[in-house]
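A.B. asks: Given next are the chains, with one letter for each unit.
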Amino acid sequence: MALPQEEVGYLAIVLHAHLPYVRHEEKDCLEERWLYEALTETYIPLLQTFEKLVEDKVDFRITFSLSPTLLSMLEDRFLLERYRHHLDQLIELSKKEIARTRRDAANNRLAIMYFKTFLGIKEYMEQHDYLVVPRFKQLSEKGLLELMTTAATHGFMPAMETAESIYAQWEIGLATFERYLGFRPKGVWVPECGYTPGLDRILKQLGVDYFFCDSHSLEHASPKPKNGVFSPIKTGYGVYAFARDQESSSQVWSSFTGYPGDYDYREYYRDIGFDLPLSYILPYIHAKGIRVNTGLKYYRITGKSDQKELYQPKWADQKAAIHAGNFMYNRENQIRHQSSTLGIKPLVVAPYDAELFGHWWYEGPQFLNYLCRKICFDQKTFLMITPSEYIALYPEQEVAQPPLSTWGRNGYCEVWVGPNNAWIYRHLHKAEKKMVELVSRITQPNEWEEKALVIALKQLLLAQSSDWPFMMDNQTMTEYAVRRVNEHLGLFNQIYEGLLGHNLDLDWLQQLELRWPIFDGIRSSVYLPEEMHRVAIASSRECTDQPVHRRILMLAWEYPPKIVGGLARAVYDLSRELVNQGEEVHVFTSYVEHSPRYENMEGVHVHRISSFHEGGQENFMDWVFELNLSMVAHLEYCHRQGLAFDVVHAHDWLVSAAAREMKNRFGLPLMATIHATEFGRNQGIFTDLQKQIHGEEWKLTYEAETVIACSQYMAGEMIRLFDLPSEKVVVIPNGVDEKQLKIKNSSTFSRDRYAFPEEKIIFFVGRLVREKGAGLLIEAANDILNCCPEAKFVVAGKGPMKKDLEKLALDMGVAHKFLFTGFIDDEERNYLFSQSYLAVFPSIYEPFGIVALEAMAAGTPVIVSDTGGMDEIVQHQVTGLKVYAGMVSSLRDQLIYALNNKDRLQELATEAKSIIDKRYSWRDLAISTRSVYDSLNLEKTVFRT
Amino acid sequence: MLNKNKGGERMDLEIIELRKRKFTIEQIAAKLGITVGQVKYRIYKKNLDTKSTKESLQVSRSNSIPLPPNYYGENEIVLIVQGPTSLYVYWEITWPLSHMVGDFFNVSFESLPRILRIYDVTDIWFNGRNAHWSHDIPINHQADNWFISDLAPDRTYTIELGVGWQNRFLPLLRSKPKSTPRNQPVPDGIAMHSGSSQQSLERIKPQWFENFSTYTLY
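Those sequence lines, one after another, are chains A and B. According to the numbering used here, the stretch in the first sequence is residues 17 to 961, in order. According to the numbering used here, the stretch in the second sequence is residues 400 to 617, in order.
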């Protein structure tokens with residue numbers, strides 16, 4: 017007696033049933049017939065086949081996917097009522113056909129066959145109250161069918177832009193399945209086998225165990241799976257991926273070499289809907305006389321020519337049995353071969369569109385019938401299996417990551433993203449993002465808003481069906497596909513506008529709700545952003561809980577820790593003080609390496625914005641322009657997130673373009689602080705670059721409602737240079753924060769590094785450019801040293817003239833009395849202030865002179881030139897000493913005087929310190945700035961949450 | 400009590416009138432000095448939309464099939480993977496952006512040559528200068544999408560739309576990076592990144608390169 021032989025492998029037949037949502041209220045919609053044809057030719061015949069197998073106690077396994085759109089239509093009483101009518105029509109037509117063919121025995125037999133078939137279907141449907149979903153459920157409860165589903169509207173994943181969209185497609189798909197079947201499926205059919213890396217992550221989140229992909233998804237996975245397509249892999253996130261077997265697929269699929277092309281099978285393209293006279297067939301085709309398939313076909317494929325012979329059901333049935341036997345035989349060989357090669361029990365996965373069986377291949381259900389019976393009774397090599405059963409047997413699988421892939425032409429996306437259909441993605445992507453935007457903004461929707469959100473979501477989902485781009489690619493029913501995409505997206509955009517504009521037509525909404533009775537019970541929150549990590553937005557919302565005056569947007573190209581000139585410091589100090597006084601301040605500045613892109617620095621929201629070239633462009637103007645572009649883009653982003661500003665405060669020409677754009681496009685009131693002018697810096701405008709910068713300055717002051725100058729001098733200069741009306745210019749000096757001048761840890765420095773103990777340090781700090789006047793100091797040095805050899809000059813700062821200055825000191829023979837420190841940080845500067853005999857600032861051009869103010873605040877005596885802002889800060893022989901700008905002899909005289917009058921110098925320094933406290937505290941300057949904000953037209957123009 | 404009712408009736412009549420004149424709910428609210436919610440409430444609960452107003456609104460809504468807008472008014476460039484060696488790119492340049500370019504460089508935007516620059520940024524943190532490879536594609540001014548072929552499989556690309564300016568390329572828009580798929584087996588012994596053992600149904604953080612992104616990541 018032979019021992020029971022154990023199987024050496026497995027076969028998983030997978031059928032994917034899907035139709036796009038084609039419910040139309042209006043009568044005589046051609047596309048609705050897809051559902052009726054599929055019911056009559058595929059779904060019901062397959063159910064009847066499966067149920068007969070059960071009756072005959074055939075042990076079979078089929079994995080069956082029912083798409084959410086199909087499920088919704090199969091449970092839609094409105095459509096089912098129409099289907100009942102459709103069936104009645106078919107029966108009536110077949111009756112008429114029996115009469116018409118009564119003189120032609122062969123044709124007559126076929127007409128009778130159709131009559132009986134349709135009658136049988138009608139009886140079946142009447143018996144089950146027209147509901148087929150429970151029939152599928154019953155088969156799944158018996159363990160013979162493993163039911164699964166797909167994405168909500170069969171969206172094509174590789175062309176989706178947002179994770180939220182992919183998540184929503186799957187969550188809603190699974191929930192729809194659960195609603196009709198009462199449980200969540202273990203696996204899913206990925207639409208078009210369109211896998212994209214990361215999809216496994218979302219499927220894992222949703223509790224999905226497995227999915228199907230195409231052969232090359234596994235063949236090209238990384239690392240290379242040992243078993244090829246003959247066992248599933250586990251993706252990195254632990255989801256099983258089963259791959260299609262090419263060989264078994266093409267035997268069924270291929271129109272040339274596959275079974276369905278056999279000459280004895282029924283010819284799909286010869287339908288009486290097209291063949292019989294219009295007057296006769298009119299009641300059974302489209303009301304407008306458009307010929308359609310009726311399902312009554314009398315011919316077999318016969319051959320490649322148009323000459324067709326009559327269909328012989330018996331021959332076709334025999335062929336189906338032969339083909340089933342052949343398919344089984346090939347699988348046996350294949351599985352035995354793979355088993356011996358790989359040393360495992362191989363699994364052959366054979367997935368097909370369900371509609372192939374019956375609708376396209378009329379004998380398909382019969383083929384499956386024979387196949388299941390033969391596998392069960394005629395062989396012992398392999399077993400039919402479902403993916404869940406397989407996973408339960410073999411949970412350990414290789415881990416690998418499949419690449420993007422589909423089962424479409426050439427294996428990737430060209431079917432769905434090609435010249436005929438790629439245009440839809442611009443709109444689909446926008447809608448995806450707008451949907452995320454809507455649910456992020458309307459965080460607590462009222463009843464009507466939620467209704468509108470859900471309808472918008474449905475429209476987006478419906479527009480995403482992979483069927484539409486497929487039809488456009490195929491150039492079949494293109495017009496319908498285009499109309500559907502346009503209609504759904506158009507409606508989506510109308511609802512979007514209505515929701516944000518608080519302009520929703522409630523009746524219209526209700527009409528839409530009735531028109532698309534699909535995905536009932538979904539909530540808009542399914543579209544919530546995957547990561548609610550919008551730090552800037554979240555924390556600024558926290559701020560809004562407190563009484564906030566305004567939301568101020570500062571534009572400054574430099575901001576700590578990026579400090580190039582005095583601008584960074586001034587904006588930093590002003591912003592902090594404004595926050596102290598209850599304003600909300602956001603600073604847009606350029607990105608600097610190693611700093612966060614967003615941070616809350618002492619209450620100030622700092623947004624460091626990177627442009628195309630991080631860390632600068634070769635061409636400075638190009639970089640400036642990139643920065644401005646990025647600032648505007650960032651404002652757009654903030655607006656989309658619901659963060660709106662009340663006023664833009666721009667600092668200097670580098671942000672001029674962005675500031676103007678914000679004023680003109682976003683309607684924000686604009687004020688500008690001009691810290692220095694290009695004209696002043698160069699004492700004229702000479703080059704094209706200077707001309708362009710000068711132009712940017714002019715445009716900024718022209719567009720600004722108020723221009724702030726840091727000194728009377730600068731106000732005068734701007735009025736003159738830019739032809740500004742004087743009432744537009746307000747003088748608010750820069751302030752000084754004494755806390756910033758305290759030395760935190762003096763032990764890190766040593767005076768020895770800078771001078772001998774008996775030397776008096778004359779300290780200069782500033783950029784080493786001509787206008788700061790360090791050169792004058794060197795020129796005056798010889799005379800000074802002759803009188804006061806104890807003088808020692810410490811020159812701190814960097815700049816383009818550093819080398820020239822060092823050389824000048826050498827040439828003048830005073831190099832030993834000059835120390836060029838290069839760049840120093842605030843700590844070192846403060847230390848040097850404390851150690852210096854005096855600080856000297858012999859600037860030729862100085863719009864403000866913050867550094868003199870800092871020296872005074874630090875208690876260091878100062879000598880300044882009588883130029884620009886410095887002239888206004890220092891009063892000669894009251895708060896310091898002044899020299900004529902650019903005059904070496906004047907500088908020499910005052911320095912010699914100072915070196916010889918230590919006590920007097922200290923008196924001046926003391927007086928200076930008290931003046932600073934009175935006039936240059938940031939507290940008072942911020943109050944002045946706020947009063948300028950108050951005077952601006954602060955009407956809100958932008959939606960604000 | 401009586402007065403209040405009368406006032407309410409008058410308000411209702413006014414709402415009906417304004418609705419007939421196709422005022423939006425927001426406009427009605429502003430006009431009558433009540434909240435949007437109050438207007439909605441009256442329209443809905445009291446069924447104020449008469450047949451004629453409904454019809455007029457219906458006509459305005461459903462006269463023709465609504466279409467998605469031609470322009471969204473947002474500057475954007477997006478790559479889609481078409482296959483191992485081809486990408487599809489679409490973009491929109493808004494009028495304000497083109498105006499800003501023209502204004503800054505003091506030229507007419509239309510006069511500047513338009514260029515797509517594609518970069519291979521595989522496995523790098525792209526800073527604008529460190530791409531493995533880049534290629535310029537001159538495009539015409541009317542184009543708002545392009546198919547790019549002859550690329551390498553299993554590489555990550557990003558694309559910029561820009562203009563030529565004084566023999567320099569000035570980028571205006573940059574896409575998010577997208578990766579082309581591998582189209583042949585991986586050589587033996589090449590391992591991938593480590594997997595995730597997370598079993599929870601919590602949202603899992605992405606670990607590998609994905610061609611879609613969370614919208615909020617800027």
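Take these hints with a grain of salt, some might be off.
As the list claims (entries may be wrong) - Over 12 Å on every C-beta distance to chain A, these chain B residues come out as not near it, computed from the model:
hint: 1; residue: Asn469
hint: 2; residue: Trp532
hint: 3; residue: Ile538
hint: 4; residue: Asp543
To be verified - Reference listing, derived: stretches of chain A covered by chain B, where coverage requires no fewer than 3 residues with Cβ under 8 Å from a Cβ of chain B:
hint: 5; stretch: 208-219
hint: 6; stretch: 515-526
hint: 7; stretch: 636-644
hint: 8; stretch: 735-748
hint: 9; stretch: 878-887
Said to hold, decoys possible - Simulated crosslink set (DSS-like; lysine-lysine; CA at most 27 Å straight-line):
hint: 10; chain 1: A; residue 1: Lys111; chain 2: A; residue 2: Lys158
hint: 11; chain 1: A; residue 1: Lys202; chain 2: A; residue 2: Lys153
hint: 12; chain 1: B; residue 1: Lys575; chain 2: A; residue 2: Lys467
hint: 13; chain 1: A; residue 1: Lys111; chain 2: A; residue 2: Lys153
hint: 14; chain 1: A; residue 1: Lys679; chain 2: A; residue 2: Lys707
hint: 15; chain 1: A; residue 1: Lys449; chain 2: B; residue 2: Lys575
Derived from the structure by calculation, the hints contain no laboratory data. For glycine and all other residues, C-beta sits at the position ideal for the given N, C-alpha and C.
A.B. asks: Hint by hint, which ones does this structure get wrong, listed from lowest number up?
C.D. replies: Result: hints 1, 4, 8, 9, 10, 12, 13 break, sorted rising.
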